[in-house]
Amino acid sequence: MVTTTSSRTPLSSPMETPADTPASRTFKVSSVPSEDDRADTLIEIKDFDFYYGTKQALFDINLKLDDKRVTAFIGPSGCGKSTLLRCLNRMNDLIDGTRITRGGVKVRGVDIYGRDVDSIELRKRVGMVFQKSNPFPKSIYENIVYGLRIQGVKSKARLDEVVEKSLRGAALWDEVKDRLHESGLSLSGGQQQRLCIARTIAVEPEVILMDEPCSALDPIATAKVEELIHELKKQFTIIIVTHSMQQAARCSDKTAFFYMGKLIEYADTRTIFMNPANAQTEAYVSGRFG
Amino acid sequence: MSTPAHPFASRPTAGRKFENATFWFFRVATYIILLAGLAVFGDIILKGSSTVFGAFKSTEHFPYVTNTFLSEAPETLYVFEDGGVKREMGDTEYRAYRESRIASALAAGEPAPQFKSESYVYSAGGIWPCIVGTVLLVVGSMAIALTLGVASAIFLSEYAKDGAFVRFVRLAILNLAGVPSIVFGLFGFGMFVIFFDWNVSLLAGWFTLAFMVLPVVITASEEALKAVPQGFREGSLALGATKWQTIRSNVLPYALPGILTSSILGIARVAGETAPIMFTAAYVVRDKLPWDVEKVSDFFFQGVMALPYHIYVVSSKIPQNEYTSRVQYGTAFVFLGIVALIALASILLRNNLRGRYKW
Ligand SMILES: Nc1ncnc2c1ncn2[C@@H]1O[C@H](COP(=O)(O)OP(=O)(O)OP(=O)(O)O)[C@@H](O)[C@H]1O
Ligand SMILES: [Mg+2]
Chain A
5 MVTTTSSRTP LSSPMETPAD TPASRTFKVS SVPSEDDRAD TLIEIKDFDF
55 YYGTKQALFD INLKLDDKRV TAFIGPSGCG KSTLLRCLNR MNDLIDGTRI
105 TRGGVKVRGV DIYGRDVDSI ELRKRVGMVF QKSNPFPKSI YENIVYGLRI
155 QGVKSKARLD EVVEKSLRGA ALWDEVKDRL HESGLSLSGG QQQRLCIART
205 IAVEPEVILM DEPCSALDPI ATAKVEELIH ELKKQFTIII VTHSMQQAAR
255 CSDKTAFFYM GKLIEYADTR TIFMNPANAQ TEAYVSGRFG
Chain B
53 MSTPAHPFAS RPTAGRKFEN ATFWFFRVAT YIILLAGLAV FGDIILKGSS
103 TVFGAFKSTE HFPYVTNTFL SEAPETLYVF EDGGVKREMG DTEYRAYRES
153 RIASALAAGE PAPQFKSESY VYSAGGIWPC IVGTVLLVVG SMAIALTLGV
203 ASAIFLSEYA KDGAFVRFVR LAILNLAGVP SIVFGLFGFG MFVIFFDWNV
253 SLLAGWFTLA FMVLPVVITA SEEALKAVPQ GFREGSLALG ATKWQTIRSN
303 VLPYALPGIL TSSILGIARV AGETAPIMFT AAYVVRDKLP WDVEKVSDFF
353 FQGVMALPYH IYVVSSKIPQ NEYTSRVQYG TAFVFLGIVA LIALASILLR
403 NNLRGRYKW
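Chains as they are written, first to last, in my numbering: chain A, 5 to 294; chain B, 53 to 411.
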């Protein structure tokens with residue numbers, strides 16, 4: 005079934021007999037590897053320890069995330085997926101008492117927790133889509149241009165252009181092009197989530213962080229968002245937290261499995277699902293715990 | 053007692069009687085309150101409306117009708133007999149009338165008529181300067197209270213880290229809400245009138261009233277800010293907005309209806325207090341209207357007449373009789389009307405803003 009494996013992921017066993025693993029029977033993993041297997045590292049997390057007050061949430065995370073790829077974070081509830089994701093655009097700065105005691109995160113080689121880094125500028129480059137879709141109680145149009153307006157863009161032509169481009173990018177244009185001035189809250193749940201994605205890509209970030217973007221959506225809306233993710237990875241680096249193993253298998257190029265605040269295994273998605281090196285990973289992806 | 057036909061048959065037990073008694077107690081308590089409310093409003097509306105509606109008068113020019121009670125300043129009322137007819141006139145009218153009667157008597161070669169009049173202070177004319185003063189006090193204190201209150205609510209709920217300092221500030225605000233109005237009056241007198249040397253002035257009254265209403269404004273604003281979903285803030289920040297950009301364009305607009313409604317109602321309430329303004333802003337009587345000033349700056353440093361203080365004066369500082377009671381009730385009626393208008397305006401404003409932002 006799988007013919008090629010990432011040259012950079014050492015495998016503990018060959019993959020010719022995927023039927024041996026329980027996971028392979030449950031998941032359909034794309035058999036064609038991405039066109040170009042070699043990707044640049046965009047984000048590098050090194051020796052990262054993170055605390056909420058006195059409670060340590062992340063332990064010694066080391067992770068390199070590829071540029072223009074989809075990376076999935078999986079793991080049981082409370083294992084720190086969201087925490088790590090929110091560290092990547094410093095959203096955790098907003099929570100009182102959060103501390104990084106060791107290590108750091110580099111985006112394009114720049115330490116984002118460095119003294120001279122402005123978290124506002126960082127968030128323009130590293131956007132985020134939340135679990136609970138949160139369109140603002142403004143019109144669809146105003147939702148999309150929100151990021152540009154706060155950057156001071158005034159030109160109506162430019163805003164119109166971005167609205168169309170972003171909505172097309174989020175596969176929402178055809179559904180809403182006649183009602184751009186209706187409230188964003190008048191959309192369905194799946195449309196709202198795609199509106200939030202459109203709003204995020206309107207400011208043209210490099211990275212889009214998605215924290216369980218489909219957890220509140222029905223299967224059809226989920227399929228649309230997943231399709232969208234496939235499209236988006238041509239332009240953006242996507243990091244997606246998900247509880248759905250199928251989703252991770254379908255959308256991502258690489259998968260990181262976390263457990264109790266520790267990174268257990270990080271490899272090609274195919275490897276994680278069909279031939280994990282770690283027994284805990286194997287147990288989790290095959291649904292035996294978590 | 054016969055055996056009940058089925059297990060759910062009702063039995064007159066002690067517990068059931070007690071249930072009944074408590075139900076009636078709650079019910080009667082509510083009715084008593086309702087009656088008391090009706091009595092107060094009914095009394096004021098009944099007696100007050102006759103003063104106000106009895107004061108309509110036709111005029112020579114547009115709009116051909118005027119209401120002397122609403123549009124004139126208070127005057128002394130003269131009650132006298134002339135030619136066997138009992139007449140009531142305000143100060144100016146009475147003087148003119150007397151002059152003309154004497155003149156016409158002299159012209160006819162008769163002896164000048166003798167007027168034996170009784171005078172009642174403040175019982176004629178109207179309460180226009182008091183209405184103006186109260187409106188000015190409300191508007192000014194509202195502006196100050198909203199500016200300070202909303203700013204500090206934003207600081208407390210959006211910026212400040214939860215800690216000893218914030219808890220102390222909250223405690224202080226709670227305590228401020230419990231301070232009696234006369235103490236605020238005294239504070240305003242000591243602080244603004246004496247120490248800042250603003251004298252009895254609009255400015256001193258504004259600040260005194262504003263400080264009094266601040267706890268309401270801050271509490272209401274914090275509540276309204278908390279009601280805005282966290283997702284709006286995170287969503288905005290994740291798009292690269294600064295904290296203030298987020299608050300200004302994605303938090304405050306949604307909180308505004310709640311802030312305004314509670315604050316305006318709080319201010320309408322405080323504006324009805326006599327104690328805080330009686331040493332700081334209110335005059336018993338003042339001939340000039342507030343815009344009758346030489347310099348613009350004088351505007352802020354002048355005292356004004358005010359409705360609650362006028363009620364206080366006409367009902368406690370002068371001998372009581374049927375003539376003064378007309379002014380008392382008329383003033384109270386107008387005052388109720390103004391408060392009702394303010395409340396109505398705030399509700400309309402809220403509904404209007406709510407309609408725009410829903411989630
Ligand atoms: N604001 C917070 N304050 C204190 N502890 C927190 C906070 N947010 C998360 N935690 C703790 O940090 C740990 C990791 O939480 P996190 O939300 O990252 O888990 P998760 O993997 O995203 O879980 P889920 O799949 O349920 O979303 C948990 O033990 C959680 O209790
Ligand atoms: Mg989470």
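Hint data in this document are derived by calculation from the structure and do not stem from the laboratory. A portion of the hints provided could be inaccurate.
What the hints assert, rightly or not - Once the Cα atoms are required to be at most 25 Å apart in a straight line, the calculated PhoX-like pairs of lysine-lysine come out as:
{"#": "1", "chain 1": "A", "residue 1": "K158", "chain 2": "B", "residue 2": "K278"}
{"#": "2", "chain 1": "A", "residue 1": "K136", "chain 2": "B", "residue 2": "K278"}
{"#": "3", "chain 1": "A", "residue 1": "K142", "chain 2": "A", "residue 2": "K110"}
{"#": "4", "chain 1": "A", "residue 1": "K136", "chain 2": "A", "residue 2": "K181"}
{"#": "5", "chain 1": "A", "residue 1": "K266", "chain 2": "A", "residue 2": "K59"}
{"#": "6", "chain 1": "A", "residue 1": "K136", "chain 2": "B", "residue 2": "K168"}
{"#": "7", "chain 1": "B", "residue 1": "K213", "chain 2": "A", "residue 2": "K142"}
{"#": "8", "chain 1": "B", "residue 1": "K278", "chain 2": "A", "residue 2": "K142"}
{"#": "9", "chain 1": "B", "residue 1": "K295", "chain 2": "A", "residue 2": "K110"}
{"#": "10", "chain 1": "A", "residue 1": "K136", "chain 2": "A", "residue 2": "K158"}
{"#": "11", "chain 1": "A", "residue 1": "K68", "chain 2": "A", "residue 2": "K181"}
{"#": "12", "chain 1": "A", "residue 1": "K59", "chain 2": "B", "residue 2": "K99"}
Unchecked claim - To give a feel for the contact side, a few chain B residues facing chain A, derived at Cβ under 8 Å:
{"#": "13", "residue": "A216"}
{"#": "14", "residue": "G292"}
{"#": "15", "residue": "A293"}
{"#": "16", "residue": "T294"}
{"#": "17", "residue": "E374"}
C-beta atoms are modelled at their ideal positions from N, C-alpha and C, and glycine is treated no differently.
List in ascending order the numbers of the hints, as given earlier, that are violated by the structure.
Of the numbered hints given earlier, those the structure breaks are 1, 3, 6, 7, 10, 11, 12, 13 and 17, listed in rising order.
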